[in-house]
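> Okay, here's what each chain looks like letter by letter:
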Amino acid sequence: MLMKTPGFTAIAVLALALGIGASTTTFTALNAVLLRPFPLMKDQDRIVYLSEYFSKLTDQDAGVAFPDYLEWKKQQTTFEGVGAAQEATMIVSGGEQPDRYLGANISADAFSFLGVQPILGRQFRPEEDNLNAAPVALIGFDVWKKHFGGDPAVVGKAISINGKQTTIIGVMPPNWRFPDVSDLWMPLQLDEKDNPRGNFFLAGFGKLKPGASVEQARAEMKAIAARIATDHPETNSGCMVRVKPFREEAVKESKTLTLLLMGAVLFVQLIACANVANLLLARGATRTKEIGIRLALGASRGDIVRQLLAETVLLGVLGSLAGLLFAVWGVDLMMKAIPVEIPYWIQFEFDWRVFTFAIGLGMISSLLFGLFPSLQASHPHLVEVLKEGGRSGSGGAKGQRVRSALVVAEVALALVLLVGAGLTLRSFMKLQHTDIGADPSSTLSFRVGLPASEFPDHKVVGRFFEQLIPKVAAISGVESAGATSSLPAAGNIGTNALVLEGEPEPKQLQDARLAATLAITPGFLTTCRVQLMRGRDFTTADNSDAPRVALIDEEAARKWFPNVDPIGHQLRALEKLGAPPTWATIVGVTRHVIYDRLVSKRKFPAVYFCQYQNGENFMSVVMRTKSAPKNYENLARNTVLAVNKQIPIYRVYTMDEVLLHSFWERRFFWTLFTVFAVLALFLASIGLYGVMAYSVRQRTQEIGVRMALGAQASDVLRMVTTDGVRLIGIGLAIGLIGAFFITRVLAGSLEGISAHDPLSFLIVPLILFAVGLLACYLPARSAMQLNPVEALRYE
Amino acid sequence: MIKLKNLERVYPLARGKFFYVLRDISLEINEGEFVSVMGPSGAGKSSLLHIIGMHDHGWNGEYFLGQTAVHHLKPKERATLRNEQIGFVFQSYHLLDDLTVYENLDIPLSYRRFSKAERAGIVADTLDRFNIVGKKDLYPRQLSGGQQQLVGVARAIIANPKLLLADEPTGNLHSSQGEEIMELFRKLNDEGMTIIQVTHSEKNAGYGNRIIQLRDGWVV
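Protein sequence lines, in the order shown, are assigned to chains W and X.
Residue numbers are given in numbering that gives the first Met the number 0: position 408 of the first sequence equals residue 407, and the series is strictly consecutive.
Residue numbers are given in numbering that gives the first Met the number 0: position 10 of the second sequence equals residue 9, and the series is strictly consecutive.
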C-alpha cells in the first residue's frame with residue numbers, strides 16, 4: 000500500500016528521517032561521551048580519577064603535588080597502581096623544521112596498569128622514573144607515521160625532544176593519546192626539590208585492585224591525606240583527596256549539556272511522530288471504504304490493525320535508514336562545529352549502539368505514531384461506508400479532535416524547544432559581549448615554547464623575548480606587540496599564593512592570599528589595550544639586572560590596598576620552601592582583565608610580573624595588526640625562526656577566536672539547540688499546515704455552500720484561520736507552562752539571564768505564532784480561491 | 000428582471016480545443032415569473048443556473064440583473080449583488096452537518112452583516128413561517144429528506160431575495176415530499192418572488208409559467 004501512495008510515504012519517511020537523523024546525530028555524541036568504553040584501556044570500571052582539594056574550596060580540584068603522589072604510592076593498599084601525568088609541549092627537532100607536539104610526562108608504570116601495550120618496542124621500566132635515568136620516549140602512532148614515515152626501525156633511535164637527546168623505546172597503538180590529546184610520552188623524572196609540597200600540578204589516576212570499591216579507596220586516601228597533613232600542616236592542612244570513577248570526571252563538563260541536547264532532540268522526534276500520526280489519521284480516513292470492505296469480507300479488527308501496523312513499522316524502518324543517512328551528515332557537521340581538539344577517547348563512530356538506537360527509535364516511533372491511527376481506522380461505520388456512493392469518510396469527529404490535539408502538542412513541544420533556544424541564544428550573546436577588559440579585535444596570537452634544556456634560566460629566556468618582541472612589532476603592518484604567559488579569556492591561568500610586604504607568611508597554604516599571576520612583556524598592555532589606571536607599564540629597562548617590579552589589577556588594589564595607594568608597596572609569590580624571598584615593587588594598577596574562560600565563575604585579583612625578570616618558558620605573543628590578522632601568520636613564524644631556528648610557533652589564533660574558544664561548548668550547545676528548535680518549528684508548521692489543509696479539503700463542500708450562501712473571501716479566510724489560531728493559541732498556552740518548568744534544567748548553562756528571561760518568553764511565542772499563522776494562511780488562501788461551483792460538486 | 004445576451008460558457012480542452020457548455024444564450028426573464036429550465040443531462044442547465052446565481056464568473060456575453068450590467072462587475076461586486084438579490088436551493092440540500100437547523104438558517108444572515116438581534120428575529124419568523132420551530136435544535140441528519148429540503152428553501156429565502164434559483168430541488172425527494180416543495184415554490188412565486196428552477200420533471204415544470212429547453216448548450 001505504501002508504494003501506491005508514494006507522496007504520503009515520502010513525506011512520512013522524510014518527517015521521520017529528520018527526527019531520527021537529529022536524534023541519532025545527538026545520540027552519536029552521547030554514545031561517544033557517555034557510553035563508549037575508552038579505547039584500549041583494560042578493566043576500565045576499576046580506573047579512578049585522583050586529585051587533591053582543599054576543604055575550603057570543595058568545588059575546585061587542585062591537582063596532585065609530587066611528594067603527595069609519592070606518599071600515596073608508598074602507603075596505599077587498595078590500588079593495583081597509582082599514576083600521575085603532566086601534559087607538556089614537546090618540540091622534536093633535528094629535521095628541516097622543528098615539530099611541536101603535545102606530550103605527557105607520565106608515571107613509568109601507568110601504561111602497564113592501564114593495560115595498554117606498545118605495538119613496537121617496550122613499555123617504560125619502573126626505574127626510568129628516576130631523575131638520573133637515561134631519557135626515553137614512547138611515540139604515538141600518528142607521530143610514528145608522520146614524523147618517521149612508519150619506520151619499523153624507529154625503536155632505539157635517538158631524537159631531540161626539547162633539546163634533550165632522547166631514545167625512542169616504543170610506538171603506542173593508534174587511538175591512544177592518554178590522558179587527552181598527547182602524542183609523545185616520557186617518564187615523570189621529577190625532582191622532589193624542584194616540586195615540593197604545595198605545588199599541585201599533576202593529574203592523578205589509579206586502578207583499583209580487583210574487588211576493591213571506590214568507597215574503600217576513598218576511605219584509605221582520606222587516612223593517607225590526614226597523615227600527610229599532620230606531618231606537613233603548612234602545605235597540606237585541610238587538603239583532602241577526591242576519588243571518583245575516571246569517566247565521571249572525564250564527562251563532568253559535557254554530561255549535562257549532552258543529556259540536555261538528547262532531551263531536546265527527542266522533542267523533535269515526538270513532533271515528527273505527531274506529524275506522521277496526523278498523516279496516518281488522514282490517510283486512514285481516505286481508506287475507510289477499503290477497510291470496510293475488508294471487514295465485510297471477514298477480516299477481524301486485529302487483522303486490520305496488524306496490517307496497518309505492519310505498514311507503520313515499515314515506515315519506521317525506512318525512516319531509520321534515511322535518518323542514519325542524515326546522521327552521517329549531521330555528525331560530520333557537528334564535528335566541524337567543534338573548534339578545539341577533543342580528547343582522544345571521544346570518538347563519534349557509528350557503532351552497534353548507534354545503529355540499535357536508530358532502528359529502535361524508528362520501531363518505537365512507529366508504534367507511537369501508528370497505534371492510534373490503526374485502531375481508529377479499524378472500526379469504521381460499516382453501513383455508512385458500504386452504501387453505494389458512500390463517502391470515503393473523514394475519520395469522524397474523534398479523528399478530527401485527535402488530529403487537532405496532535406497539532407496542539409506539536410506547537411507546545413516546539414515552543415518549549417524554541418524558548419530553550421531563545422534562552423541559550425540570549426545567554427550566548429551575553430557571553431559574546433562580555434567586557435573582558437581588553438580589546439581582542441585586530442590581534443593575532445601565537446604560542447612560543449622554549450625548551451628548558453636550551454633555555455635553562457630566566458635570563459636566557461628573557462633575552463629571547465627581548466630580541467623577539469621588537470622584531471615582531473617591526474613587521475610591516477603591525478602596530479604593536481607583546482607577550483603574556485596567559486591570554487585573556489583563554490583559561491590557562493595559574494593561581495598563586497602571595498604575601499604582601501609587612502605581612503607574616505601564612506602558616507597554612509589554605510589561608511594565603513590567592514591571585515592569578517602571569518608574566519608579560521612591555522607592550523602587552525598596549526597591544527591588548529588594557530587600560531593602565533595608575534602608575535606605569537613595564538619597560539625594557541625592567542630586565543633581570545633591575546629591581547623586580549609588578550603590576551596589579553584594580554581588583555587586587557581594591558581588596559589588598561583599600562585605603563592606600565598600592566604603588567611603591569611590595570609583594571611576592573609564596574616561594575618554594577627554603578627559597579630566598581623575591582620581592583617585587585608595585586609600579587602600576589591596570590584594569591581587571593578576565594583570564595579565566597568566560598564560563599568560569601572564578602574571580603581572582605591579578606598580579607603581573609615582568610617577563611624579562613621572570614623568564615616563563617611558554618608564552619603567547621600578541622600582535623595588533625593594521626589589516627586582517629590572519630594574514631600575518633607566516634610573517635610571525637618566520638620572525639620567530641629568524642631569532643631561533645629551532646623554535647616553532649603553535650596555537651595561532653586571532654584573539655577573537657580565542658574569545659570564541661573560551662565558551663565554545665556553550666556555542667556548540669546553542670548551535671545544536673537552535674538547529675533542533677528550527678527543525679521543531681519547521682515540523683510543527685508542516686503539521687499545522689497539513690491539518691489545516693486537510694481540514695480545508697474536508698470542508699471544501701461546506702466552504703462552497705457558505706460561499707453560495709453569501710460568504711465572501713474574508714469570511715472564508717476568517718473561518719479557516721480562526722480554527723488554526725485556536726489550535727496555535729492552545730498549543731502556545733500549554734507550551735508556555737511547559738517551558739516555564741522545563742527551562743529550569745537549562746539554568747546551569749545560562750549566563751547573565753534567568754531561565755525565565757521575560758524577553759525570550761515574549762518574543763519566541765510571537766515568532767511561533769507568526770509562523771503558525773502563515774501555515775494556516777496558505778490553506779485558507781486556497782479555500783478563498785475555491786470555485787463554489789466546483790466545491791458544490793466536491794464529494 | 001434578467002436579460003442574457005449572447006452568453007457563452009466554454010471549457011478549454013487539451014491540445015487547444017474547447018468544449019462549449021452554453022452557446023449564444025440570449026433570453027429575458029421578467030420579474031415575478033416562475034421559469035423551469037429543462038433538457039437532458041449535460042445540456043448546460045445547472046451551468047446556466049450557476050451563472051445567473053453568480054457562482055461562476057468564467058463566461059462571455061452580457062448579463063443584466065435589473066438595471067445592473069453584471070458582466071461589468073468585479074467578483075466582489077457580484078457577490079454583494081448576489082447577497083442582496085438571490086437565494087439558491089440545491090438538489091442535495093447542502094445543509095451544514097455540524098450546525099443545527101437554527102444555525103443553518105442563521106448563516107446567510109451572518110454573511111449579510113445583520114446584527115445578532117435582527118438575525119434572531121428573522122430566523123424565528125422563518126422557522127414559524129415554514130412551521131419548523133420544533134426542529135430548530137435538530138441536526139440535518141436527524142431530519143427526513145423533505146424536511147432537509149424545506150430547511151434548504153427556508154435558508155435560501157431567509158434574506159428576502161428577489162430571485163430564487165433552484166437546481167433540481169426535488170431530485171432527491173420522493174413524490175409527496177417533492178409536491179410539498181413545489182407547492183411552497185408556487186406560494187413564494189404568488190407572493191412575488193421570481194423563481195428559476197432546473198428540473199427533469201414535466202410535472203414540476205407545470206408549477207411554473209414558462210419552460211426554457213436547453214440541448215447541447217443551445218436554447219431550443
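Hints are computed from structural coordinates only; laboratory data are not their basis.
Computed from a predicted model, the values in this text were never measured in an experiment.
Any given hint could turn out to be false.
[As the list claims (entries may be wrong)] Computed far set for chain X versus chain W, every beta-carbon distance over 12 angstroms:
(1) E30
(2) Y92
(3) R154
[Said to hold, decoys possible] To give a feel for the contact side, a few chain X residues facing chain W, derived at Cβ under 8 angstroms:
(4) P11
(5) F18
(6) D55
(7) W58
(8) A78
(9) N82
(10) H93
(11) T99
(12) R111
(13) F113
(14) I210
(15) I211
(16) Q212
For glycine and all other residues, C-beta sits at the position ideal for the given N, C-alpha and C.
> What are the numbers of the hints the structure violates, in ascending order?
Hint check: 2, 3, 4, 5, 7, 11, 13, 14, 15 and 16 fail, others pass.
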